[in-house]
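For the protein sequence lines, the chains are A and B, in the order given. Residue numbers for the first sequence follow my numbering, so the first one is 1 and each next one is one higher. Residue numbers for the second sequence follow my numbering, so the first one is 619 and each next one is one higher.
Among the hints, a few may not be true.
[Claimed, not checked] Stretch by stretch, here's where chain B covers chain A in the computed footprint (C-beta under 8 Å, at least three residues):
hint, region
1, 345–356
2, 511–518
[What the hints assert, rightly or not] Pair by pair, the computed Cβ-Cβ distance ranges are:
hint, chain 1, residue 1, chain 2, residue 2, range
3, A, L16, B, V882, 18 to 28 Å
4, B, P751, A, A53, 52 to 62 Å
5, A, S197, B, F763, 28 to 38 Å
6, A, G216, B, Y744, 57 to 67 Å
7, A, L526, B, P846, 21 to 31 Å
8, B, P741, A, S117, 12 to 22 Å
9, B, P741, A, L526, 57 to 67 Å
10, A, L542, B, D914, 47 to 57 Å
11, A, L3, B, P751, 48 to 58 Å
12, A, G267, B, P846, 52 to 62 Å
13, A, L526, B, V882, 23 to 33 Å
14, A, D133, B, N874, 49 to 59 Å
15, B, E909, A, L16, 52 to 62 Å
Note that these hints are calculated values from the structure, not bench results. Treat the numbers as computed from the prediction; the structure is a model and nothing was measured. Positions of the beta carbon are idealized from the N, C-alpha and C atoms, including for glycine.
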Amino acid sequence: MALSARLLALRGSPFLYKLPPYLSALCVLVGIGWILLLPLNEYSRQTYVSENAILPGQVHTYFGGSEHNIFRAFRQEVYALSQQPEDARQAGILKILADSGLKTASQPYAYQVAGESINGTNVYGIVQGPRADATEAMILLAAWRNFDDQINYSGVALALTLARYFSRWSIWSKDIILLIPSDSTYGPLAWVDAYHSISIPPTSSRNISALPLKAGALQAAVALDYPAGPWGQRFSSLDILYDGLNGALPNLDLLNTAVSIASGQMGIACTLHDHATHSDSYRDRLSVLASGLATQSLGHATGPHSAFIPYHVDAITLKTVGDGWHDEMSLGRVTESVFRSINNLLEHLHQSFFFYILLNANRFVSVGNYLPAAMVLAGSFTTSALGLWVLSGRDDVLVAPLAGGLAKQKVEMETVKLGGDMALVPKRSVQTIERELFVPALLLLGVHILGYIPLWLMTSLNRETLALGLHLTTAVSLILPISLATTIRLTRSQAQILQSLSLILLGALLATLATLNFSLALVIGLLASPLAFVRRSSSSLLTAAQALSLAITSPPVAVYAFQRVFYPAAGLEKLLLELAKGWSAQGVWLLWVAWGVWWPAWVVGGVVVGSGVMSARR
Amino acid sequence: MATALGRPTTAFTTFFTLLSIRHATEGKLQTSAFALAIASYLSLHPTLLLPPIGLLGYDQLCKSRKPVNDTDGPKSPMRYASTQTDRPKVLDFGTRFFGCFLLTAALLLALSRVLLPSFAFLPSVYLTLLRVPDLTPNPGLWWYFFIEMFDPFRSFFLGVFWLHMLSYSVPFCLRMRKQPLAAVVSMLGITAIFQPYANVGEAGAWLSCLTLLSHTFEVSSTHRYTFPAVAVLLYTSLLGPAFHHLWLYAGSGNANFFYATTLVWNLALLIILTDTVYSVLRDEWEAERPEGKGKDVRQI
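Chain A extracted, bound-state conformation:
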């Protein structure tokens, strides 16, 4: 028989109807296995600098000598300022900058989230390149308090020294902005939002002043995190932070430049994600990969650099780690060399990758090698959905168990021709029944709209009641699917259509999310994978097992488990507060994906399982 005839013969074959769950399982296994294969040498590459203009480490850095004395003086000044109240401190920093010849300004900001207010003032100055045309700018950041809430004495002092040092050179083709925000997360966010707008109208959660002083288009930003105290402390390696908000990453060239300069020109080891020792074994690479996936999927700020990346300004944070023999002048020379390289650029960094996963400071996985993992996971949902759609069009007579009574009914037969062969089949097996779409579609729409309620609860409640809100959501999540299943009686076909539509939507949303934030799509895809396998069943044992597996992998339980495993000391309230701050202040989409995409799909899965109980009771 011809191939087309063979394929047509498969149309009624029961094998195809049973295949989708196995295909979905295969997709999930392939997705997981794909990630585990990535740390191998065959699937990753050495990093390299793509932009020829950068010429990393080619310049001789003159930062040293008497600049060291100036740095020590500034460090004592910064320590003295840290003892004073905030106004005096800001005035002090402004004076230091103004004395170095910079144009200075400050910007107050205030965020109100979950009943807490986050206030601060950003202080900044601009070094105008004497021969520059003022159309572009680079930023040197040193937050007053670093991400762990320690005062960034040496970082701020180094930034002030470098500002004074840079203002004496005439080689700059771009302006240099020195920014000293109050904290590492909200200060830079307020500053960069104000930089890219004329004015930001105050809302109930945000009040950011406009910037009185601006320079040209921002090209790149480097942040320094060096919390050593007034007498200094040498460090052993540099940790480079590169995650931006919502999983956006800076151009890999900026990282490669920094790593090449630090480890090549200066001899400082570079690490990622706080992995102080990295033996380049499979295990260490997998560990860095997993850390990268975790920070990217959460999408929250990891340092002062994070706020810049959504504005297409490549930014990294250099954080000093450990106790070694590199001192502040090495860090200063690294920074000077990085700024000289950025200075060479004629356009935004665009040659290298924007989507990558780093295995160590010198090894990365490019997007073509890792993206299929998330796509295949989304494919598992789509495969099940298509199988369910086809099944929903089949007639009940084929699905009902063959009872003795069936033989007595007159079954209408029909001849089916394929090439030269003929067969006699029951007529109802080749017809499709009409699908009742209205109730399933309405239910799906309703559940997705309901998803905004947990989202509102998790982002708008006060700090004290956030945990209560989560408990309430958990309770509702357990009750809602069962109550929906009992009030809305679904036929077998309707339940299959409902699940099919929900899984198609989930698969489409996860596939789209994978192009924007790969790690979040991967994590949600893994956590939601049982949804592709639950089915309406009249056996109470199977229904109970399915209900248990759904309950274990539900969004609220995931939040509890996340807190217990990763932040056991912080407590549930603190974690929920950080998540709420992420949504309201930083604009992170994580909560919407959890409550607006995953939770409705989970509820629909529960409704389908619950409808099995109802059908058995009939």
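Add chain B to chain A, keeping to what the hints say.
Below, chain B alone, put in the same frame as chain A:
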């Protein structure tokens, strides 16, 4: 809903187009021409609906006109004016319809001229629609071509693209003269897909108008590709904004990602359109040949 978010003025065009169709189905040719003229005055492309809506109005007039020699009274089997003598004259109808359209359009343009300082609005409104100088990315097919085109060839391609779109109007009327409403809806689909400044609102309005042809939904073995086409529409309406953001805001994609998604969006709409045309023609064919009901088509 997407149209409400975008707040385009095509909402008015769609409103007047639908008003025109509605009056045509009631046989009121003057009001139909009037509404169509307003729609064409706002965006130029409803002019393409003149033949189908004219045909629809004429068809409805024929149906509503009683026969002249109605001696049998209400029990007469001849409900419609089916003989040549009973029908309204085609030329008469056409002149009145077209004339009403032109008169309204002239009136509106004159009103614009009175309100505005000069005739400069004519090139700035209508020539921008015809010459397509604004190539802001939209879900249409034109902007990408015209961005990369060399100037000497621009007029040629402009002519080709417009000729392609114009060439559907009359053939739809000829082929679907027994179901003029189907011709109207199909033409709406053609303009939604192929117009230079395509937008989601017109595509959405056309998809809603498909329910006007709901009598074809019951015809079995038609609408074969609804599920894949709708699934593709879902995927592209999610990926389109994602790639637009990645291209223009995140700076990490390029125009090709977005345009490819747009192409797939239009492909899905086109599949729905061809499926609809197939179902309309199949419905006609099955009315003539009832023994063919339910049989699959084969390409020979």
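Evaluation of the provided hints:
With 4 residues carrying a beta carbon less than 8 Å from a beta carbon of chain B, the region 345–356 of chain A meets the three-residue requirement, and the given coverage holds. Look at the region 511–518 of chain A against chain B: 4 of its residues bring a Cβ nearer than 8 Å to a Cβ of that chain, three or more, so the hint holds. As the Cβ distance of L16 (chain A) to V882 (chain B) is approximately 26 Å, the hint placing it in 18 to 28 Å holds. A hinted range of 52 to 62 Å for the beta carbons of P751 (chain B) and A53 (chain A) is inconsistent with their spacing of about 35 Å.
As the Cβ distance of S197 (chain A) to F763 (chain B) is approximately 35 Å, the hint placing it in 28 to 38 Å holds. Distance hint check: the CB atoms of G216 (chain A) and Y744 (chain B) are about 40 Å apart, inconsistent with the given range 57 to 67 Å. Taking 21 to 31 Å as the suggested C-beta distance range, the pair L526 (chain A) and P846 (chain B) conforms, at roughly 28 Å. With their beta carbons about 56 Å apart, P741 (chain B) and S117 (chain A) fall outside the hinted range of 12 to 22 Å.
Checked against the hint of 57 to 67 Å, the C-beta distance between P741 (chain B) and L526 (chain A) comes to roughly 58 Å, which is consistent with it. Evaluation of the 47 to 57 Å hint for L542 (chain A) and D914 (chain B) yields a failure: the beta carbon distance comes to about 38 Å. Hint check: L3 (chain A) to P751 (chain B), Cβ distance near 51 Å, so the stated range 48 to 58 Å holds. Between G267 (chain A) and P846 (chain B), the C-beta spacing of about 59 Å keeps the proposed range 52 to 62 Å intact.
Remark: the range hint 23 to 33 Å for L526 (chain A) to V882 (chain B) is upheld by a beta-carbon distance near 28 Å. A beta carbon spacing of about 32 Å between D133 (chain A) and N874 (chain B) contradicts the range 49 to 59 Å that was offered as a hint. Distance hint for E909 (chain B) and L16 (chain A): a CB-CB separation of about 31 Å, inconsistent with the stated range 52 to 62 Å.
Comparing the model with each numbered hint stated earlier shows that hints 4, 6, 8, 10, 14, 15 do not hold.
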